[in-house]
Amino acid sequence: MSDATDLAQRASDSDPRIGLRAVAALRRLLEQLESVQVRSARNKGWSWQEIAAELGVSRQAVHKKHGRQ
Numbered sequence: 004m005s006d007a008t009d010l011a012q013r014a015s016d017s018d019p020r021i022g023l024r025a026v027a028a029l030r031r032l033l034e035q036l037e038s039v040q041v042r043s044a045r046n047k048g049w050s051w052q053e054i055a056a057e058l059g060v061s062r063q064a065v066h067k068k069h070g071r072q
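Residue 4 is where the sequence shown starts when you use the working numbering, and the numbers rise one by one after that.
The hints are simulated quantities; they were obtained by calculation from the structure and are not laboratory data.
Bear in mind that the values here come from a model prediction, so they are computed numbers and not experimental data.
Treat each hint with caution, since some may be false.
[Unchecked claim] Distance condition first, Cα-Cα at most 20 Å in a straight line; then the derived EDC-like pairs of lysine to aspartate or glutamate:
| # | residue 1 | residue 2 |
| --- | --- | --- |
| 1 | Lys47 | Glu57 |
| 2 | Lys68 | Glu34 |
| 3 | Lys67 | Glu53 |
| 4 | Lys67 | Asp18 |
| 5 | Lys67 | Glu57 |
Go ahead and model the full structure; you've got the sequences and the hints to work with.
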């Protein structure tokens, strides 16, 4: 997890180029982690509504984003 910690530290760098690159990398990491957890929940029988509630989004939003995976 040190990569994520390093990225989080770089996201607050005073050089905007470094900070923005770190933010973009964190965004990609977050998307990957979300996909893994949604897939895990679906494999365990969770409904789209249950997943959406945990993510704080609508059922339609989570289904549209992850339904084809």
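CA of Lys67 to CA of Asp18, is that 20 Å or under? 36 Å, violated
Given pair status - Glu34, Lys68, alpha carbons within 20 Å: Distance of about 10 Å is within 20 Å: holds.
Would you check the hint for Lys67 and Glu57, treating anything up to 20 Å between C-alpha atoms as holding? It holds: about 16 Å lies between the C-alpha atoms, which stays within 20 Å.
Hey, Lys67 versus Glu53, does the alpha-carbon distance stay inside 20 Å? 15 Å, holds
Does the structure keep Lys47 and Glu57 at a Cα separation of 20 Å or less? Roughly 15 Å between the alpha carbons, so the hint for Lys47 and Glu57 holds.
Checked against the numbered hints given earlier, the structure breaks only hint 4 and satisfies all the rest.
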